[in-house]
Amino acid sequence: MPMKLNMLPPSVNNMSVRVFVRAAGLPYEEENVWGQTQSDEYLAKYPAGLTPTIETDELPQGVLGESCAVMMYLATREGRDDLYPTDLGRRAMVDGANFYTMSMLYPLVARATYPRLSFAGYPGEVAATEAPDEDKEAARKAAEEAIPRILETYKKFYGTDAGFIGGGDKPTIADIRLVCTLEFLAVTDTELPAWTKDYMQRVESALGDAYTEPAGDVRGYIAQVTGQPVAG
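The numbering of the sequence shown is the working numbering, which starts it at -12 and goes up by one.
Hints may be right or wrong, so weigh each one.
Stated by the list, open to error - Calculated lysine-lysine pairs in the PhoX-like style (CA-CA distance at most 20 Å, straight line): (1) Lys(-9) with Lys32; (2) Lys184 with Lys143; (3) Lys142 with Lys157.
Hints listed in this document are in silico derivations from the structure and should not be mistaken for laboratory results.
Construct all of the structure, not just a fragment, from the sequences and the given hints.
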């Protein structure tokens, strides 16, 4: 049986794995589990109730979640040095960028975009409370305004202004994870630096249809909730 990928089309977390499996040319079956992640059946497989997940008998529990972990596992299993370098120094840079994206950038992106995307806020976030609307918007705006400073780290340390993360001539899983995350910023008032736009275009051009097809689902959802088309 081919590997099964459980996903939600509008999610950039899910998009990253959807791009990866296409770029790697892996055999898989994709299932849209919108509205099913809190079902008894899904929670029995993966108690976190999150996506994306892959299902394969090769895994100890038969299931693996978390986008970066899924990409790291599959790239290592398939020997895809181009997507996840085996050189320890280059791999460390890829891992560092992924951890930075998930610990520093994505929480800000979520706070800045989820209210406008009609996604539920995380417990404890202002958006998830009964706070006045003006307080929620102030919190959203503060997160949005912090994003450009975070992006400078990718430029100055990871070299995304001129190349790809890990120092190769092709996008790695860290580039995939970062650029997918940046797709959500189309719903904000943030004006991305020119180098960021160029970087996103380089990654999409290098990956071709493997990127564009999943991106179409995310961009389509953004266009639906905002009433404005999203440029690719």
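Those earlier numbered hints the structure runs against, lowest number first: Violated hints: none; all satisfied.
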